[in-house]
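The primary structure of each chain is shown beneath.
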Amino acid sequence: MTMNILPPNSSAIKTRFAVKFIQAMKRLSKRRGMGDRYKRYRATRAAACVSMASAVGPEWAWSRAVLRKIKRRRLLRQFRVSRKRRLIERTTNPRQNLGFGQEEDLRGLVPGGKGMDYCSLLSETAHYITCLQAQVQVMADILHRSSP
Amino acid sequence: MEPNVEAVQPQFRSGISGAKIVFDDIRGLIPDPPETDGTSFTALLELPPPQAVELLVKEDFPAKTMPLPIFPSNIALIDRASMFSVFASADNPPDRTNIFSASSSVKQEPLESEYHRNSSSPAVSDQSLKSIKRKEREKKNMQVKESTKKSKKVVANEASDGSGEQLPYVHVRARRGQATDSHSLAERARREKINARMKLLQDLVPGCNKISGTAMVLDEIINHVQALQRQVEFLSMRVAAVNPRIDFNFDALLAVDSESSIDNSYLGLFPPSIWPEGQTNGSRQQQPWLIDGLHLPSMGRVDNSSNFITPENSLLSYDSPANSASLHSSQLKIEL
Chain A
1 MTMNILPPNS
11 SAIKTRFAVK
21 FIQAMKRLSK
31 RRGMGDRYKR
41 YRATRAAACV
51 SMASAVGPEW
61 AWSRAVLRKI
71 KRRRLLRQFR
81 VSRKRRLIER
91 TTNPRQNLGF
101 GQEEDLRGLV
111 PGGKGMDYCS
121 LLSETAHYIT
131 CLQAQVQVMA
141 DILHRSSP
Chain B
1001 MEPNVEAVQP
1011 QFRSGISGAK
1021 IVFDDIRGLI
1031 PDPPETDGTS
1041 FTALLELPPP
1051 QAVELLVKED
1061 FPAKTMPLPI
1071 FPSNIALIDR
1081 ASMFSVFASA
1091 DNPPDRTNIF
1101 SASSSVKQEP
1111 LESEYHRNSS
1121 SPAVSDQSLK
1131 SIKRKEREKK
1141 NMQVKESTKK
1151 SKKVVANEAS
1161 DGSGEQLPYV
1171 HVRARRGQAT
1181 DSHSLAERAR
1191 REKINARMKL
1201 LQDLVPGCNK
1211 ISGTAMVLDE
1221 IINHVQALQR
1231 QVEFLSMRVA
1241 AVNPRIDFNF
1251 DALLAVDSES
1261 SIDNSYLGLF
1271 PPSIWPEGQT
1281 NGSRQQQPWL
1291 IDGLHLPSMG
1301 RVDNSSNFIT
1311 PENSLLSYDS
1321 PANSASLHSS
1331 QLKIEL
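Just so you know, the sequences run in chain order A and B. Heads up: the first sequence at position 112 corresponds to 112 in this note's numbering, and the numbers run straight through without jumps. Add 1000 to the 1-based position in the second sequence for this note's numbering, that's all there is to it.
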């Protein structure tokens, strides 16, 4: 079982994420064709997610799912090829949740959550939460330093 | 002695399930700290057969559902655990249950220490006999510890967690009065895993410790994830708005003038919750975004700003020692 790598590693992740994110933002600002538009916001958001996922690494399923999604979107944008959706077979768990539909909500929230069993969904959620917190802190930090 | 035990077993299976046990006599029979260098198993063997049979009464003896042919490498672990549980009768029960209940972290050291004490585990040549003996020993242990009825063994979890998914079978000791067939055992192990991870999540999400009940905890977790995602989107919108005006020089970003005290600057920067709206988590502290209060170059204000920071996680942002922060800055410079 992969143990949850929690706060002890969060500073390393923050550093990696900060580096990648700043590089991506530099590239973004140099790119032409981005006026004062919604596009820039979406590109920034995508850059944030991608740099976080690549800082985390392929060990975690959610980061793999994020990278897959971005790659797919990029390819779609370039080649306009419509792809077949892969049908991911969900493992039927004998253990059912308390029936408020929380499990499916959680699966919808966590990237890549649809193809996981409940156990790994929970651990992926835990790691995802720590990475999101790290991301928020770094981005706030960057914002802060760049506009006093 | 061993053939006796084997012969006893089929008789037991047929009929004695309703017999009562008088625990006091049995406890009197069993030496309290076992003098034998071996295990309590030898103590069991020293008892005359009918009493040994009586010891086996309490649970149905599912000889056929025992994973006889499958002996993964954690036999030693199970031996250790069972022996540990025996010798822990002198110890405090909380120690044992604490150790056993930590299923998500593999705590090998206490088991190891106990194991060294009983280093002469019964060297039994025949594997089937060994399994029978282990079951007997476990049952005997369970009955000896009558006071701690909920003695569940999480060695199975440790074993299954420690060795990953290579184990085809999960060895879990059945609780008193519970079924011991493989399906329910696997189900129980899985439930333990799920509960352990829910506990982790509860620790992670602020304010979930007080909530009892899985449904509300899950709701809190979902709210927390949604709030964090919204925060990320909001921040990225702000960064996108700022972006054309900023050169993204690393010098400007890192505030070179404050190199020596850069850790303070990191520490002093942000409260965990950035804006008052959009916070669905009620327990989260509502703090306005103190932009004017947190000027970076003015180090004198840092102490003021630190008052606004919740002790939760902002003090640990990036790292308290300065070397990591300066490493960060040098890294960023190199990346240029």
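Don't take each hint at face value.
[Said to hold, decoys possible] Residues from chain A shown here face chain B by an in silico Cβ test under 10 Å; the list is partial:
| no. | residue |
| --- | --- |
| 1 | Met52 |
| 2 | Ser54 |
| 3 | Arg77 |
| 4 | Phe79 |
| 5 | Phe100 |
| 6 | Leu121 |
| 7 | Leu143 |
[Stated by the list, open to error] The calculated SDA-like cross-link candidates involving lysine to any residue, where the alpha carbons are at most 25 Å apart (straight line), are:
| no. | chain 1 | residue 1 | chain 2 | residue 2 |
| --- | --- | --- | --- | --- |
| 8 | A | Lys114 | B | Arg1238 |
| 9 | A | Lys20 | B | Ala1215 |
| 10 | A | Lys20 | A | Arg72 |
| 11 | A | Lys20 | B | Lys1210 |
| 12 | A | Lys69 | A | Phe100 |
| 13 | A | Lys69 | B | Ile1194 |
| 14 | B | Lys1199 | A | Leu109 |
| 15 | A | Lys26 | B | Ala1189 |
| 16 | A | Lys71 | A | Gly57 |
| 17 | A | Lys39 | A | Leu67 |
| 18 | B | Lys1210 | B | Leu1200 |
| 19 | B | Lys1210 | B | Ile1194 |
| 20 | A | Lys39 | A | Arg77 |
| 21 | A | Lys20 | B | Met1198 |
| 22 | A | Lys114 | B | Arg1176 |
| 23 | A | Lys114 | B | Lys1199 |
| 24 | B | Lys1199 | A | Lys69 |
| 25 | A | Lys39 | B | Phe1234 |
| 26 | A | Lys26 | A | Arg107 |
| 27 | B | Lys1210 | B | Phe1234 |
| 28 | A | Lys69 | B | Arg1176 |
| 29 | A | Lys39 | B | Asn1243 |
| 30 | A | Lys26 | B | Arg1238 |
| 31 | B | Lys1199 | B | Asn1223 |
| 32 | A | Lys20 | B | Glu1233 |
| 33 | A | Lys69 | B | Ile1222 |
| 34 | A | Lys69 | A | Leu132 |
Worth flagging that the hints you see were computed from the coordinates, not collected in a lab. The beta-carbon is built from N, C-alpha and C at its ideal position, and this holds for glycine as well.
Subject >> Ascending list of hint numbers which this structure does not respect >> reply: 2, 3, 4, 8, 9, 11, 12, 13, 15, 21, 22, 24, 26, 27 and 28
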